[in-house]
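Engineer: For reference, the chains in residue letters:
2 protein chains.
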Amino acid sequence: MLPIQPPSVFQRRRRALAARLDRAGSHGALLFAGGATARNYPANPWPLRVSSHFLWTVGASLADAVLWLRRDRSELFLPAPDPDDALWHGASPDFAAIASACGLDDVRPLPELHDAILAEGAHGIATVPVMDPHTRARQRAWLDRRWPDDHTPRIDTLDAIDLALVDALVSERLCHDEAGIAMIRRAVEGTRAAHLAGMAVTRAGLREADVRATMERELARRQLPCAYGSIVTVHGEILHAREDGNTLADGDLLLADVGGECQGWASDVTRTWPVSGRFSSTQRELYDVVLAANEAAIAMVRPGVRYRDVHLHASLVLARGLVALGILRGEPEGLVERGAHAMLFPHGVGHLLGLDVHDMEDLGDRAGYAPGRSRSPQFGLGYLRLDRELQPGMVVTIEPGLYRVAALLDDDARCGPFVRDGSLDRERLAHFADVRGIRIEDDVLCTPTDPVVLTADIPKAPDAVCAAVGLASASPGIVIG
Amino acid sequence: MLPIQPPSVFQRRRRALAARLDRAGSHGALLFAGGATARNYPANPWPLRVSSHFLWTVGASLADAVLWLRRDRSELFLPAPDPDDALWHGASPDFAAIASACGLDDVRPLPELHDAILAEGAHGIATVPVMDPHTRARQRAWLDRRWPDDHTPRIDTLDAIDLALVDALVSERLCHDEAGIAMIRRAVEGTRAAHLAGMAVTRAGLREADVRATMERELARRQLPCAYGSIVTVHGEILHAREDGNTLADGDLLLADVGGECQGWASDVTRTWPVSGRFSSTQRELYDVVLAANEAAIAMVRPGVRYRDVHLHASLVLARGLVALGILRGEPEGLVERGAHAMLFPHGVGHLLGLDVHDMEDLGDRAGYAPGRSRSPQFGLGYLRLDRELQPGMVVTIEPGLYRVAALLDDDARCGPFVRDGSLDRERLAHFADVRGIRIEDDVLCTPTDPVVLTADIPKAPDAVCAAVGLASASPGIVIG
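Residue numbers (this note's numbering), protein chains in the order written: chain A, 24 to 504; chain B, 24 to 504.
In isolation and in its complexed conformation, chain A is listed as follows:
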């Protein structure tokens, strides 16, 4: 609830944000935390997940709180505690304790904020719409915004003053301070334990849900919520697989995309391992191609490098590997240019990582794409979520993959041209029938010098992965099933 890092972290961030707002001519900003949303009835909500913009500036997870940020003053407004709160929820920190932990000038009851806005008007005060629709309705009413009442407004339709706040938040949040990176590292620690436990518990006969539950247990025991819906599947070709009822068989590869978050800061890691603990030769050949792309892309994470070029280089390494295996035919550069590789690697090579697993994706492409840039119309490249020059302090994922997606390979409009001109050999691909999907995803910190792979301790080399799968019964503390 209260931050576990010193108040100076949040004071420094607020000062920097306020200075940017000041330069943009804004009279300050109201950052709303948002509240818990109902699951099946109001008293049974989903866990509280406050707005990442609020978390970044305040550090505390406080339902329905609002930060009023001005150049010389940071005040937090909180709903008055219900007299029965102590009975049902136990003692909660008082306003003074919150002010101290977050380094705030004052903490006051929320109605005083509404009164102040009614008295002085909201002119010149910026805000950014939160996800929770109840809170968004409050923002709309208090600040007289013309947002649609049912969905999150498109960012590019916001008032100019709010866009200035959005741009200030993007500028500040693109590159993380040491405190943010420390939190990502803690999330990664738990995520490493989750992947090790998942590898060790894997054996034929279990279901995907067994492995997923074992992995998520390692996050939960460390009080790290899942940063996103876990994917643990023998059908890695279903990119957002949500079903986890399949039974593991010895010839399967298991793809696990699981990451925890610490104080809101995310990790995002995918590993792919053989259920039997041994890759077949065809699995190993394609795994090595993906691994080469992963490593080549990671090596490019340096200041000034355009992330789109990282994506294209990873695609080129994949294409080279696929040509060597006879699955693609032709000159790798030309294949990538025409998008032939995207028949087997349809998504982007990664994205920003921070307080959101796709950091600041609530702001559309305003965070991921540099001003003046927009999505490519080309299939595959158009799914790339990040097209900026990398800077020290940015954390990005690097997650190339190879997939045999029937819906894509059988799509004559998309795939047909590559088949007919001989670029894609579907018969040769059929020899790799025991591979449905492979993805290898790391979290990488850009520094002034070499990239730092925050997830380097999670087994990735084929032998290390197989060894971790083989640990099953030997490791104390690991579930046998």
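Hints may contain errors.
Claimed, not checked - Cβ-Cβ distance ranges computed for the label pairs, FRET-style:
hint: 1; chain 1: A; residue 1: Asp128; chain 2: B; residue 2: Pro400; range: 36 to 44 Å
hint: 2; chain 1: A; residue 1: Phe118; chain 2: B; residue 2: Gly493; range: 43 to 51 Å
hint: 3; chain 1: A; residue 1: Gly405; chain 2: B; residue 2: Pro394; range: 41 to 49 Å
hint: 4; chain 1: B; residue 1: Asp273; chain 2: A; residue 2: Asp172; range: 51 to 59 Å
hint: 5; chain 1: B; residue 1: Pro400; chain 2: A; residue 2: Asp182; range: 24 to 32 Å
hint: 6; chain 1: A; residue 1: Asp444; chain 2: B; residue 2: Pro104; range: 51 to 59 Å
hint: 7; chain 1: A; residue 1: Thr472; chain 2: B; residue 2: Pro106; range: 42 to 50 Å
hint: 8; chain 1: B; residue 1: Arg307; chain 2: A; residue 2: Leu141; range: 57 to 65 Å
To be verified - From the structure, some residues in chain B lie toward chain A, with a derived Cβ separation under 10 Å:
hint: 9; residue: Asp108
hint: 10; residue: Trp111
hint: 11; residue: Arg244
hint: 12; residue: Ala250
hint: 13; residue: Gly353
hint: 14; residue: Leu378
hint: 15; residue: Leu431
Said to hold, decoys possible - Below, a sample of chain A positions facing chain B; criterion: calculated Cβ distance under 10 Å:
hint: 16; residue: Pro30
hint: 17; residue: Gln34
hint: 18; residue: Thr60
hint: 19; residue: Pro65
hint: 20; residue: Ala114
hint: 21; residue: Met154
hint: 22; residue: Asp172
hint: 23; residue: Ile204
hint: 24; residue: Arg235
hint: 25; residue: Arg244
hint: 26; residue: Glu384
hint: 27; residue: Leu431
Because the hints were derived from the structure by calculation, they are not lab data.
Built from N, CA and C at the ideal position, the CB exists for glycine as well.
Using the hints provided, position chain B relative to the given structure of chain A.
Structural biologist: Below, chain B without anything else, positioned relative to chain A:
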């Protein structure tokens, strides 16, 4: 996604509901499933949990679906699949497969429903507001309802036609059919495994989160979501404790209120066990008082018995036990009448259980309270969520407890009178300092004859509980740590 029970189950329910609506003069109803809600950005939603009313009548978990229920026809309307769905989410069942699995007359694209409403008008068509605000905005717009745009409308402010639907749903859902009870039993099976695993893993030095994660793993591996936010705490006196970072010590009692749901059908179970595997004498004395109240209340779950009397009888048994221990003083009947027991047992003895863990609580007290009845103004009794005569097919929880809540015991307005007139001996209570909170909760099916305790296999007798805690290292498949 599709029901795992035969379509006849849902056809039967729809026929019964439609007949009631017909008698109420309604021209049919639109039951909206609702969609997933955003966590920190739209593409990172909470898991889909469709409306329980929709689940009851259709059986399938389909985002943004709408059932149009009429006396002679049941049609389901679904968003048209996105062409890229197969790429990202894999193959999904086609409309014919859904119609067949749910026993529907037709499945059609959602825009056709909107067109039909625009053409024919929504006159005489009832609906019930869902939790998901996006969908509620759609209901409001399509059916021209005057609900507030930011919060769930209060049920008693709904249009008469919608209230008739609400009452029909309540009448049908109060008593479960065999299919519903079968699903609750499956949820209970997983919940039993969770509690056994939690007991077995417990030992001093672990944190609450370790036990919670181990329990939830047993649910997750069976593909049973948590029916509600788990409570696993050494501070049982915090009734809705959400923190789980405390370290377990040998003198502690651990209270675990954890239950899974199967196809939406909930279980809700609390057990309290000693971390050391042995109750102290004071812990054992209070545990026995709670257990006696639990058993006495369960024995009353019979047709025609007013649930409020079950609550009052459980309170009486608690009061008797507390008098015997010298904590309360006086005549037990009089103590309960004046609410003295509520200083140690402030909540209700239980609630309806069904597709919601507090079944139909989205309808306020319209489900829990019989027409003409309302909440008591008395502290404690006023928290009772159910005041109806029990009927065969109802499932209720029975969950008495004893708690030393400082915020209540030190509250002079509430507790002072009982201290001053000698009813409550706080010095005597202080002898039981190693008890902070005990609750024992079962799920009980009312039948024409004896009650059926669906959770009977989950250890509850003190010796059985201690034996289950002691199992830790002996049991294969149980996590050691």
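Engineer: All hints are to be evaluated individually against the structure, with a verdict given for each.
Structural biologist: For each hint, the structure was consulted:
1. Asp128(A) <-> Pro400(B): 36 to 44 Å: holds, 42 Å
2. Phe118(A) <-> Gly493(B): 43 to 51 Å: Since the Cβ atoms of Phe118(A) and Gly493(B) sit about 46 Å apart, the hinted range of 43 to 51 Å holds.
3. Gly405(A) <-> Pro394(B): 41 to 49 Å: violated, 58 Å
4. Asp273(B) <-> Asp172(A): 51 to 59 Å: holds, 55 Å
5. Pro400(B) <-> Asp182(A): 24 to 32 Å: Since Pro400(B) and Asp182(A) have Cβ atoms about 48 Å apart, the given range 24 to 32 Å is violated.
6. Asp444(A) <-> Pro104(B): 51 to 59 Å: Since Asp444(A) and Pro104(B) have Cβ atoms about 30 Å apart, the given range 51 to 59 Å is violated.
7. Thr472(A) <-> Pro106(B): 42 to 50 Å: Cβ of Thr472(A) to Cβ of Pro106(B): about 45 Å, so the range 42 to 50 Å holds.
8. Arg307(B) <-> Leu141(A): 57 to 65 Å: 58 Å Cβ-Cβ, so the 57 to 65 Å window holds.
9. Asp108: For Asp108(B), the interface hint holds, since the closest Cβ of chain A sits about 9 Å away, which is under 10 Å.
10. Trp111: Where the cut-off is 10 Å and the nearest Cβ of chain A is about 5 Å from Trp111(B), the hint holds.
11. Arg244: holds, 4 Å
12. Ala250: Holds: closest Cβ of chain A sits about 8 Å from Ala250(B), inside 10 Å.
13. Gly353: This interface hint is violated because 24 Å lies over the 10 Å limit.
14. Leu378: holds, 8 Å
15. Leu431: holds, 6 Å
16. Pro30: violated, 21 Å
17. Gln34: violated, 24 Å
18. Thr60: This hint holds: Thr60(A) lies near chain B, its Cβ roughly 5 Å from the closest one there, short of 10 Å.
19. Pro65: With a minimum Cβ separation of about 6 Å from chain B (threshold 10 Å), the hint on Pro65(A) holds.
20. Ala114: For Ala114(A), the interface hint holds, since the closest Cβ of chain B sits about 7 Å away, which is under 10 Å.
21. Met154: OK, holds: Met154(A) within 10 Å of chain B, min 4 Å.
22. Asp172: With a closest approach of 5 Å, the Asp172(A) hint holds.
23. Ile204: Violated: closest Cβ of chain B sits about 19 Å from Ile204(A), beyond 10 Å.
24. Arg235: With a minimum Cβ separation of about 7 Å from chain B (threshold 10 Å), the hint on Arg235(A) holds.
25. Arg244: Nearest chain B Cβ about 4 Å off; hint holds.
26. Glu384: holds, 4 Å
27. Leu431: holds, 6 Å
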